[in-house]
Amino acid sequence: MRRNARALITIALLITICAGIVGFQNINIRNFNRGGDTPLGLSLGLDLQGGSHLVYETNLTDPTSGEKQEISREQMQSLSHTIERRINSSGLGEPIIQILGEDRLLVQLPGIKDPGRAKTLIGETARLEFRHRTLNAAPQPVESIKPENIKSITVDELREDGKLLSELDSEDKNSQSQTLTSFPAVIVEFDETGLENFEQLFFNLALSFEKAAAAVAAGDYDSPADQINVTIDGVEELRFTTLANSIRRLEDTPRYGIAFPSDETGMEGIITKEDAEKKLGKSPKIEFAVKKGYLDEEIGLSGDDLKTAYAGQHQASGLPIVNIEFDDRGTRIFGELTTDIYVKQEETGIRDQIAIILDGQELISPRVNAPITAGTAIIEGGDFTMTRVKDLALLLESGRLPVPIELIQERDVDAILGADSLRKSVIAGFIGLALVLIFMTLYYRVPGLVASAALIIYAVIVLAVFKIIPVTLTLSGVAAAILSIGMAVDANILIFERMKDELRGGRTMLSAVNIGFNRAWPAIRDSNVSTLITCAILYWFSDQLGATVVQGFAVTLVIGVGISMFSAIVVSRTIMRVVALSPLSRNINLFIPTGAKNIGNRESV
Amino acid sequence: MDFVGKRFWFFIISLLIIAPGIVFLILAPGLRPGIDFTGGSSMTLRFSDESNINQQEVRDQLTTLGYQEATVQNLGENSFFIRTKELNEEDKDNLVTNMTTSLDEGAENVLQGFDLVSPVVAQETVMNALWAILAAAVGIFIYIWWAFRNVPSPFRYGLAAIVALIHDTIIVIGIFAILGELMQTEVNTMFLIALLTVIGYSVNDTIVVFDRIRENVLIYSNRPFPEIVNLSISETIGRSLNTSFTLVITLIALILFGGATIREFLFVLLIGVVAGTYSSIAIASQVLVSWDQRSIGIPFRNKTIT
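In order, the protein sequence lines correspond to chains W and X. Heads up, the first sequence is in the numbering used here, so the first residue is 7 and it goes up one at a time. Heads up, the second sequence is in the numbering used here, so the first residue is 1479 and it goes up one at a time.
Careful: at least some of the hints might be erroneous.
Just so you have them, the derived chain W footprint on chain X, three or more residues with Cβ under 8 angstroms [what the hints assert, rightly or not]:
#	stretch
1	1609 to 1617
2	1650 to 1661
3	1666 to 1676
4	1712 to 1726
Simulated pairs of lysine-lysine, BS3-like, Cα-Cα distance not exceeding 30 angstroms [to be verified]:
#	chain 1	residue 1	chain 2	residue 2
5	X	1570	W	430
6	X	1570	W	125
7	X	1484	W	125
8	W	125	W	217
9	X	1570	W	119
10	W	313	W	297
11	X	1563	W	119
To give a feel for the contact side, a few chain X residues facing chain W, derived at Cβ under 7 angstroms [as the list claims (entries may be wrong)]:
#	residue
12	1598
13	1600
14	1625
15	1681
16	1682
17	1740
18	1742
Treat the hints as calculated values from the structure; they're not laboratory data. C-beta: ideal position from N, C-alpha, C; glycine also.
With these hints in hand, go ahead and build the complete structure from the sequences.
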């Protein structure tokens, strides 16, 4: 009895834990996070939540011989990283990327609405470029704005909200003049073409200003913003340089105000409105030029010239670094580039950089410490961690050898269809389970009731395991789960049929329970093992193909079969033992199935 | 009940069930392969509830668009399954837009699902499927051989289980050959999974009967083998019928209330469960008896004759 009590308590505890796991929508224990806004917090496959399932095959050919080349694991990994990065940055949602076999990639996009765009993004081949970054670029005159595009040039006090002090109505003046500062500024009125072009110019300046501000915030002071050079040819020449933050569009007019610099850096001395007006005269002319904060010059060095890139540690300091090696052509160009930069550095003190750009996005822009002519270089950085250098190396590798890929399988499921399938499966599952429980109880009576309890416990444990691992539930997985209910029922039926035989043979209830379980065990074991063999083969088969549908089925069935054995052998047996010791056991008729009294009676042979 | 004595009747019944399927399989077109096996594209279009479009209209529209070879299947609830040659993104968009504007102006979210399989993958699928089924059969055979090592001729149990498994597989494939002809039902990856599940179930059921034979052979070692098999079948038939009954009601519930997406899959399982239960009693066990009977009186070295 004590053994039964202990077993019962263990089972009760297990059920409580499992019910808790299933019951709570989200489970967060330190780094262990499960759940989500899905039914019961289970993780759903693409066919139940909607989304795209894409399989790509890489097709790597040798550029010189045109023969098909073997693809390395690292190349597959960097390809997978590239695709992940592109989709993540596009805001299309988070992809799940998996390498299949040797040369295939499975990209899953749960809940995606626009699979076409994702496919375009994935299909592009990565392009890696090395460029010479000059920091002291010469100003480029703006050709698109001609003198005839400018209607008037005046000087006024420009307030930071884009209003002119001279044009404020009295109410506005009183209420806000206290808090907003204003600066002397040149006010330019454009015609239509001029306005359009200046707008574009201003937009680019503002963009570069924001980028530079972000770079500074990240600790990089080497990527300054673009500046605008303004030259006004009036009574006296007025020349200054400024940034996007001192330019304002005057509300609802074709005019822009450009504030004079308020310190010495942009022009010689600080100028007042009155001084500026004097210098301007009656018929001034204005010219703009853009001075890029930095200029990336293409030098014909690309990923094709890179031999390899890998993470490592600095020999002396042990700090994480990225090693890069160039081929012959790359070595030559890289040697020239580093020599040029180094010489300029020595002569002028201006430290140019090498901008490394992947897919139009800057990866990193290291400086040059010495001319590198041997074709091997290292990139180091004060803030480098091992993870960062590994990522960098992978990114460089992904651009080194752009791997062409081909879409070979696609499966898109609309979210509405998915939700519909899920709802229907759940309803069908409940009906199926209910019918089985009713049948078991009507036919097997008390043991049937015990089996029904065991089945419900089984269902709870299965759901809990699905959530913990987590198993991604697909439509075929739901089918497998329901099929495994059938197997759980089968184990119980096998046991009860054996028990019934023993009861007929005149054994006591308790020994009939024990012997029944022992006799049924080999059949349960062997039949379930054969199912497990089939599952293992299914899993192997699907792994070859990336058929996640099949894989989901196999995994779900394995878990189902395993837990069904547990539920029949441990849960049902314990409960039956307790029942056998209770007063209920005195009425044997409650334990012998209806309608089966003449079948399988050993004494009749 | 005398099961063993009726074994030739059982064999004849099986042959009668299998025969029409075989006829359909051999005569063209046999099984109707889906895009998983041939390559191509397929899509599910769901028109609005009040659209009332019939299959012919969909087919006609596809012909107008230049997809004469497309096949159309009505899934009910204004949904149609359309199979075409491999479509690229542009072709797909054109087809869907065109079908929507000409058949059901203003309907939204018509494209419910889209599949594309390249011929390379399709060919691999066929090969992998054949290997998977072969590997499953071999694995199960070896396991049974090992699990029955304590009874005389364990090898026979393994082989008899495989015979039953092939029997069930042929029934399922045959029925799908007939359905392919009558209802344009296609076989796809899901069909393969279902087939493998049927194999698993068939063996599962066979093992339960064999387990009883294994036990009874050791208990009643002096009784004739056919009598032992008959006793074992009698003792397990209650369980066999009850188990398949519970599975059948679960599957029927799923077929009736579950989504259209896996209906064919469930239908394969349903046929397979019934066939599997029948074959464990009427085929697997009877093969053992037949084999045993013919071996009687034949010298040991000639035992390989079946």
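Unmet hints by their number, sorted upward, for this structure: Numbers 2, 7, 10, 13, 18, in rising order.
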